[in-house]
Amino acid sequence: MILLVLAAAALPIGILLALLVAPVEAFQGEPYRILYIHVPSVVTAYLAFTVTFVASVAYLITRRVRFDRLAAASAEVGQVFLTLVLLTGPIWGKPVWGAWWTWDARLTTALILWFIFAGYLMLRAWSGAQGARAAAVVAIIGFLDVPLIHWSAVMLRTLHPRPTVFRAEGPALPASMLVILLFNMAAFIVTYLAFLTVRVRQEAMRSEIGEAGSP
Amino acid sequence: MGNAGPGQARPLLDIRAVSKSYGARSALRSVSLTVDAGRVLAILGPNGAGKSTLLRVAAGIARPESGEVRIGGRPVGEPAARRQVGFAGHQSFLYGYLSVEENLRFYAQLYGLPAARAGEGLERFGLQSHRRRPVRELSRGLVQRLSLARALLHDPAVLLLDEPFTGLDAEASRVVRELIPERRARGCAVAVATHAWAEARELADDAVVLVAGRPALREEAASLDGERVAAVYQTA
Amino acid sequence: MSAFWVILRKDLVVEGRARDLLPSMAILALLLLAMTGATGLRADAAPAILWITVAVAGSIGLVRSFHQETDQEQLHGLRLAAVDPAMIYLAKAAANFLIVAAVELIAWGAVMIFFDIPIPRRPAALAVVLLLGTGSLVAMGTLLGAMLATARMREALLPVLLLPLCAPAVMAAAGATARLLSEAGGPVAGELRLLLAFTLLFVSVALLVFEHVIED
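Chains A, B and C, in that order, give the protein sequences. The working numbering puts the first residue of the first sequence at 5, with every later residue one more than the last. The working numbering puts the first residue of the second sequence at 252, with every later residue one more than the last. The working numbering puts the first residue of the third sequence at -11, with every later residue one more than the last.
Worth flagging that the hints you see were computed from the coordinates, not collected in a lab. The model shown is predicted, which means the values in this text are computed figures rather than measured ones. Check the hints yourself; a few may be wrong.
[Unchecked claim] Facing chain B, according to a computed beta carbon distance under 7 Å, are these residues of chain C, among others:
1) -2
2) 58
3) 62
4) 65
5) 70
6) 104
7) 203
[Stated by the list, open to error] Here are a few chain B residues that sit away from chain C, every Cβ distance over 12 Å (derived from the structure):
8) 311
9) 317
10) 329
11) 335
12) 337
13) 345
14) 353
15) 401
Glycine residues also receive a C-beta, built at the ideal position from the N, C-alpha and C atoms.
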């Protein structure tokens, strides 16, 4: 509950900050503000899928249903954020690079990951209880695949703006922007956690009802 | 239930506190039973009671959430234990595009047995005249017979049969009826899941009635009584 | 080890009699290639279309290869006979490899004809790319085939899962094939390394999880 309230509060504040308070960027102009949604979405999506990976491993080892539920819920919420990434990318890209889409390493990886999780969610939808193990394996393979996808995409091409936040020497954004970005990141993560808890609880209740109905 | 007392040989088939669920549905709830060498156990129960699940767990082809199964003292997961088990259930485990003979030879090879054993299996179950026919062309009765031949190929010490009489022709029924006492005489442990309590009374030494994943009644097969069994079924 | 040969031989015999996998995969592959050519695809896109075609056509076979192990629970029969699950996986993967490689060769022949590709200057390197690429697809696809064997909509699900999960292999294979066929040529060591890493990684994962995937 607390999480939901926090999320409900933090998210709009973050967006307002992004739109009104953040200074204008020199080269890219107004459209750059999408960064404040795009980057936190990326971070949250990958965080969510990492949770799915860990929960899937835990499920295969322990066979405890709670891990399976966590994996599924995290994948669902993560996919929403990943979809946001893929939608905000072109919106940012068109005015800034002149093209809706490029096949550079990061976008390609994100797109393929989206398909992996779409497949994961379809598998869960179409195989029910028996599919939990299969889904866990898909999640594990998918997660291990990400560096390989990235590697192969790099071998083919690269066009993404050089990373300005996640660099070895530390972020290259001016302090004011960085603060707002970090705030938004925190807001997004809190939102993710809020939705995650809601989803997990929903599934737990659904199983209980199912169980109570049988002798 | 033919329990081994202190100082006696341990049971050949030992099912200890086994629980198994499929998703939210609980199929077996902490079931324990044993079958000693030279004994036949009948497992009765209404549809959905968990008879098939119990046999599959006993055979080691379904894994329980808790509890364990031991064959001759060894956990069923170990290869040496698995080789002691013969199982024939609703699915035949046979390959439709292979012939009768090829299916038996295939399994003989997997068990490390000489090819001649396949031939013996054919004879024993009256399948020689069908030896070259692909399994997908066979009637259900013949498939069941072949499935039994497959189950017994490696002369297992523990035999598990899931509703062996359903869909059988008269000839095959006779074969199964003779099979069970013969295995008993060889000192094997046999567990048979069946609907028909009259059959159980005729063929088994002990009986257990499963209801909703739990043993609801245990007694000597000879004392099975139709009314009492029906009453127990109602408690589901 | 001998269980491997027994199962492999059985798979090949069954396919030899059923004769349904190879023809349907080959026809689908040829059809996809023919249509891409007919709709104006340029020759320099041929390597990419070859690999996507093999992946999609391969999916059919990879689903069906486990159908023969589930329609009468034959997989459980194998488990009952104490066959090591790793051996089951390796044997099925080997059988699938032979079948998909045959489709690959047919597809390659069609690509050379439809897109007028000259005889490659480095046939050995190309052969290695073809083999490793097929190996990657089959390593992953055999595992997925086992996982999806009883799922609803498995014929649709397998390619939906196979393609993104094999994306690195398909991209590397397509990139390497393109470079080997181009005028300029160039090294393909990087791609080969990726293909090898991919195959080894996912064969290892498969060997680890296969037992869990097939049990009840």
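To see whether the hints hold, each was checked on the structure:
1. -2: holds, 6 Å
2. 58: The hint is violated - residue 58/C has no Cβ within 7 Å of chain B, the shortest such distance being about 9 Å.
3. 62: Since the shortest Cβ distance to chain B is 5 Å, the answer is holds.
4. 65: Given a least distance of 3 Å, the restraint on residue 65/C holds.
5. 70: Holds. Min distance 4 Å.
6. 104: Violated - the Cβ of residue 104/C stays beyond 7 Å from chain B, reaching only about 41 Å at its closest.
7. 203: holds, 5 Å
8. 311: Contrary to the label, residue 311/B does not stay out of reach of chain C, its closest Cβ about 7 Å off (not over 12 Å).
9. 317: Fine: 15 Å to the nearest Cβ keeps residue 317/B off the interface.
10. 329: violated, 8 Å
11. 335: violated, 10 Å
12. 337: Label violated. Min Cβ-Cβ 8 Å, cutoff 12 Å.
13. 345: violated, 6 Å
14. 353: violated, 8 Å
15. 401: At about 7 Å from chain C, residue 401/B fails to clear the 12 Å cut-off, so the statement is violated.
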